[in-house]
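> Sequence:
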Amino acid sequence: MNITYIIGTVGAFLVMIFGMIFDLKGDQMINFAKIGNFWDPSSVFIVIGCTVFILVASFPPSALKDIPKHFKVAMNTKKYDPMSVIEQLVELAQVARKNGLLALEEKGNQQEDPFFKQCIMLIVDNNDADQAKEIMMNDIEQACARHEDAAGMYDKGSAVAPAFGMVGTLVGLINMLAAMDVSSGGGDLGPSMATALITTLYGCVLAHVIFGPIANQLRKRDEEETLCKLIIVEGIMSIQSGANPKFLREKLFTFMAQKQRDGDGKKPSKGGD
Numbered sequence: 001m002n003i004t005y006i007i008g009t010v011g012a013f014l015v016m017i018f019g020m021i022f023d024l025k026g027d028q029m030i031n032f033a034k035i036g037n038f039w040d041p042s043s044v045f046i047v048i049g050c051t052v053f054i055l056v057a058s059f060p061p062s063a064l065k066d067i068p069k070h071f072k073v074a075m076n077t078k079k080y081d082p083m084s085v086i087e088q089l090v091e092l093a094q095v096a097r098k099n100g101l102l103a104l105e106e107k108g109n110q111q112e113d114p115f116f117k118q119c120i121m122l123i124v125d126n127n128d129a130d131q132a133k134e135i136m137m138n139d140i141e142q143a144c145a146r147h148e149d150a151a152g153m154y155d156k157g158s159a160v161a162p163a164f165g166m167v168g169t170l171v172g173l174i175n176m177l178a179a180m181d182v183s184s185g186g187g188d189l190g191p192s193m194a195t196a197l198i199t200t201l202y203g204c205v206l207a208h209v210i211f212g213p214i215a216n217q218l219r220k221r222d223e224e225e226t227l228c229k230l231i232i233v234e235g236i237m238s239i240q241s242g243a244n245p246k247f248l249r250e251k252l253f254t255f256m257a258q259k260q261r262d263g264d265g266k267k268p269s270k271g272g273d
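For the sequence shown, position 91 matches number 91 in the working numbering, and the numbering has no gaps at all.
Since the hints were derived computationally from the structure, they do not count as laboratory data. Any given hint could be a false lead.
Said to hold, decoys possible - The calculated BS3-like cross-link candidates involving lysine-lysine, where the alpha carbons are at most 30 Å apart (straight line), are: (1) 79 to 220; (2) 79 to 65; (3) 246 to 98; (4) 246 to 72; (5) 78 to 65; (6) 246 to 117; (7) 78 to 133.
As the list claims (entries may be wrong) - Taking CB as the label site, the calculated pair distances span: (8) 62 to 30: 44 to 52 Å; (9) 98 to 128: 19 to 27 Å; (10) 152 to 37: 31 to 39 Å; (11) 18 to 177: 53 to 61 Å; (12) 106 to 129: 17 to 25 Å; (13) 76 to 152: 32 to 40 Å; (14) 112 to 32: 44 to 52 Å; (15) 61 to 250: 43 to 51 Å.
The C-beta atom is built at its ideal place from N, Cα and C for all residues, glycine as well.
Let's have the full structure, built from the sequences with the hints guiding it.
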């Protein structure tokens with residue numbers, strides 16, 4: 001569970017709502033009646049409705065249907081564990097040194113991660129090292145491109161929402177100016193002015209509290225996945241070349257920060273040859 005994402009988004013909404021109802025000048029410091037001032041159906045239709053439909057117009061159905069999956073990915077912070085990957089690679093190196101590369105086939109079939117399994121099978125099948133690495137790196141590049149496309153959809157939402165907030169502002173101002181026509185007897189300027197201002201508020205909230213954090217979280221998960229995959233590639237290629245398991249562990253630790261290598265103060269267990 002991504003606690004920081006939950007704390008950040010919920011906290012932003014709570015602080016914003018508190019700011020809406022906080023009133024030092026009135027009889028009560030907290031005036032819940034003021035919250036109604038920030039609800040405007042016209043603004044909801046203009047900002048949220050138009051933003052959603054622009055996203056529908058901008059991206060294929062295959063991308064849109066993955067939106068629930070994107071939320072699941074953003075919320076999952078424990079899927080990628082570099083330390084676990086390194087220990088698995090060290091174990092594979094020990095097996096390969098004792099029993100040969102063909103002995104890794106059973107280990108590969110037990111792997112739940114499709115990428116890890118593919119990499120193991122590439123060396124089990126005795127493929128050329130350069131060609132095997134090219135396949136692995138191409139897989140990583142294509143995955144990164146797909147992940148960037150997913151994050152780009154939320155970047156698009158972050159750009160479109162404030163734009164439609166401004167559209168709503170123009171709509172409200174036009175209606176307000178039309179209501180000021182003296183020949184028509186004037187009118188109530190309040191609702192039109194509210195639409196003009198609240199649409200900008202909705203656009204900013206949608207862009208910076210909803211879309212922006214999701215895009216950042218998706219990119220963070222992509223960085224974590226890419227790190228684990230790069231470790232796998234380096235480890236698998238070293239195993240194919242017959243690297244010493246103890247040396248392999250130290251080599252793969254270079255992908256990580258010192259604090260991660262030490263396990264927050266706890267040294268990882270050392271394996272033998």
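> Mind checking the alpha carbons of residue 79 and residue 65 for me, to see if they're no more than 30 Å apart?
holds (22 Å)
> Compare the distance between the alpha carbons of residue 78 and residue 65 with 30 Å, and conclude whether the hinted pair is satisfied.
holds (24 Å)
> When you take the CB atoms of residue 106 and residue 129, is the distance between them in 17 to 25 Å?
Since residue 106 and residue 129 have Cβ atoms about 22 Å apart, the given range 17 to 25 Å holds.
> With respect to the beta-carbon atoms only, verify the hint that residue 152 and residue 37 lie 31 to 39 Å apart.
holds (35 Å)
> Using the beta carbons of residue 76 and residue 152, state whether their distance is inside 32 to 40 Å or not.
violated (20 Å)
> Using the beta carbons of residue 112 and residue 32, state whether their distance is inside 44 to 52 Å or not.
With Cβ atoms ~50 Å apart, the hint holds.
> Check whether the Cα positions of residue 79 and residue 220 lie no farther apart than 30 Å.
The hint holds at about 12 Å.
> Does the alpha-carbon distance linking residue 246 and residue 117 stay inside the 30 Å limit?
holds (22 Å)
> Can you tell me whether the CB distance of residue 61 to residue 250 sits inside 43 to 51 Å?
For residue 61 and residue 250 the Cβ distance comes to about 48 Å; the hint holds.
> Hint check: residue 246 vs residue 72, CA-CA at most 30 Å. Holds or violated?
violated (36 Å)
> Please check whether residue 98 and residue 128 have a Cβ separation lying inside 19 to 27 Å.
24 Å Cβ-Cβ, so the 19 to 27 Å window holds.
> Checking one constraint from the list: CA of residue 78 to CA of residue 133, max 30 Å. Satisfied?
With a Cα-Cα distance of about 27 Å, the restraint between residue 78 and residue 133 holds, given a limit of 30 Å.
The earlier numbered hints that this structure contradicts are 4, 11 and 13.
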